[in-house]
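Enquirer: Chain residues, written in single-letter form:
There are 2 protein chains.
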Amino acid sequence: MALRNALLAALADRESSGYDLAKKFRSSVANFWTATPQQLYRELEKMEAEGLLSARLVKQDKRPDKRLFSVTGEGRAALLAFSRRSPKPTTVRDELLVQVEALAHGDVASVRASIVEHREASRSRLKGYEQRLRDILGDRTDDEFLATGNRLGPYLTLQRGISFERENIAWAELALGVLARRYPL
Amino acid sequence: MALRNALLAALADRESSGYDLAKKFRSSVANFWTATPQQLYRELEKMEAEGLLSARLVKQDKRPDKRLFSVTGEGRAALLAFSRRSPKPTTVRDELLVQVEALAHGDVASVRASIVEHREASRSRLKGYEQRLRDILGDRTDDEFLATGNRLGPYLTLQRGISFERENIAWAELALGVLARRYPL
DNA sequence: ATTGCATAGTAAAGAAAGTGACTATGGGCC
DNA sequence: GGCCCATAGTCACTTTCTTTACTATGCAAT
Chain A
1 MALRNALLAA LADRESSGYD LAKKFRSSVA NFWTATPQQL YRELEKMEAE GLLSARLVKQ
61 DKRPDKRLFS VTGEGRAALL AFSRRSPKPT TVRDELLVQV EALAHGDVAS VRASIVEHRE
121 ASRSRLKGYE QRLRDILGDR TDDEFLATGN RLGPYLTLQR GISFERENIA WAELALGVLA
181 RRYPL
Chain B
1 MALRNALLAA LADRESSGYD LAKKFRSSVA NFWTATPQQL YRELEKMEAE GLLSARLVKQ
61 DKRPDKRLFS VTGEGRAALL AFSRRSPKPT TVRDELLVQV EALAHGDVAS VRASIVEHRE
121 ASRSRLKGYE QRLRDILGDR TDDEFLATGN RLGPYLTLQR GISFERENIA WAELALGVLA
181 RRYPL
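If you read the protein sequences in the order shown, they are chains A and B. Mapping of the first sequence onto full-length UniProt numbering: residues 1 to 185, in sequence order. Mapping of the second sequence onto full-length UniProt numbering: residues 1 to 185, in sequence order.
Just so you know, the hints here were simulated from the structure itself, not pulled from any lab data. Hints should not be assumed to be uniformly reliable.
Where chains are identical, the list cannot tell them apart; a pair therefore holds if satisfied intra-copy or between any two copies.
To be verified - Below 20 Å or equal to it, Euclidean Cα-Cα: the simulated EDC-like pairs (lysine to aspartate or glutamate) are: (1) Lys127 x Glu167; (2) Lys23 x Asp65; (3) Lys23 x Asp139; (4) Lys23 x Glu117; (5) Lys62 x Asp135; (6) Lys59 x Asp107; (7) Lys62 x Asp20; (8) Lys88 x Glu117; (9) Lys88 x Glu167; (10) Lys46 x Glu117; (11) Lys66 x Asp139; (12) Lys88 x Glu120; (13) Lys24 x Glu45; (14) Lys88 x Asp107; (15) Lys24 x Asp61; (16) Lys59 x Glu130.
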């Protein structure tokens, strides 16, 4: 009931295929909503059946045909209605932090390795977000963009993604420092 | 397959009832893992059936009887095995950010109100975490605690919760500032 | 006297999500 | 020629989660 809205939000800007959306969910939407490609394809079918989306088949020469989805009037109405509802509280699922919580009952060396992995993944996502931010800004400063730009929503969610990843990295450094001190190699 | 580990982590420290766990998941574990009471009761049953937990009935005078769960040897082994697995990537579900992403297609006044609500909820959780941190530290400084304390895991996850909520608040301020500028009341 | 809150749970349907395998085309690499 | 990668999906199965609605007890406030 909520993935739909993330899809409507993504499709409201541009017509896309399931494949395009899967990439977008992997690279940027994952910041605030995660979904697997299978989920997307399933949900897109349902939404088309319910009249929120319309689809058109595009034949391609050099690659497989694709279906491009776009938001219908009904879909736009649903998105507007969603924007008026009070959003559910954020939910987080972070297995690494479960491991850290149980540090005293687990394998410290292994958890330490997981923290390092996690930090590297955050660094890599952070780079992607920063690149994307530069793309949105173009040659404008943040301030010029905020005064006149027309992709405020994506700008704001991107900022949240950036600060989240920065905090992930800072936290990982803290945790590794603590572990180095208490559990020397 | 993963909620169990969060439960094992919570129970490894102290024997608890389902009700206790529900409170803990609401107030602190929610930082890195969310679960409803119904999920917990169901999972606890399964885990007891599989031998990861043992339960004992405690009769109470002034309130309903309760069942206290504790981790068995098998449960400890499962937790150790979990700590050695590579954790799945963090997943986030944040409806507010979906609304913000679709700002241009939604009701800005309503989204603004949601951001304010969200900020207040973060402030309140932040206060709770800071209190909990003071409880863990007692009269020690962070540094003394890190040198000798014995609840390092909870300390670290709490730090992550605190920085997360601080960033939520800072982001909300940013977003409200941007909206005030672009969509004056 | 009743309402509301905290404690302590249970039941069961239905929606959503995750997992793994599979089909197909074309391009580039070695 | 064989292999992997990117594109563009589909299918089936299973697990997990959410939602809604229940049962009970005792305390405190109005």
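Enquirer: Does each hint fit the structure? Answer for all of them.
Expert: Going through the hints against the structure:
1. Lys127 x Glu167: both (14 Å within a copy, 19 Å between copies)
2. Lys23 x Asp65: within (17 Å within a copy, 51 Å between copies)
3. Lys23 x Asp139: neither (26 Å within a copy, 50 Å between copies)
4. Lys23 x Glu117: Answer is neither: 22 Å inside a copy and 31 Å across each miss the 20 Å cutoff.
5. Lys62 x Asp135: neither (28 Å within a copy, 64 Å between copies)
6. Lys59 x Asp107: For Lys59 and Asp107, the Cα distance exceeds 20 Å both inside one copy (53 Å) and across copies (37 Å).
7. Lys62 x Asp20: within (17 Å within a copy, 59 Å between copies)
8. Lys88 x Glu117: Between copies only: 11 Å across chains, 30 Å inside a chain, cut-off 20 Å.
9. Lys88 x Glu167: Answer is between: at 19 Å across copies they meet the 20 Å cutoff, but 23 Å inside does not.
10. Lys46 x Glu117: neither (37 Å within a copy, 32 Å between copies)
11. Lys66 x Asp139: Neither way: Lys66 and Asp139 sit 34 Å apart in one copy and 64 Å across, limit 20 Å.
12. Lys88 x Glu120: between (30 Å within a copy, 14 Å between copies)
13. Lys24 x Glu45: within (18 Å within a copy, 39 Å between copies)
14. Lys88 x Asp107: For Lys88 and Asp107, the Cα distance is within 20 Å only across copies (17 Å; inside one copy 35 Å).
15. Lys24 x Asp61: neither (24 Å within a copy, 57 Å between copies)
16. Lys59 x Glu130: neither (35 Å within a copy, 58 Å between copies)
Comparing the model with each numbered hint stated earlier shows that hints 3, 4, 5, 6, 10, 11, 15, 16 do not hold.
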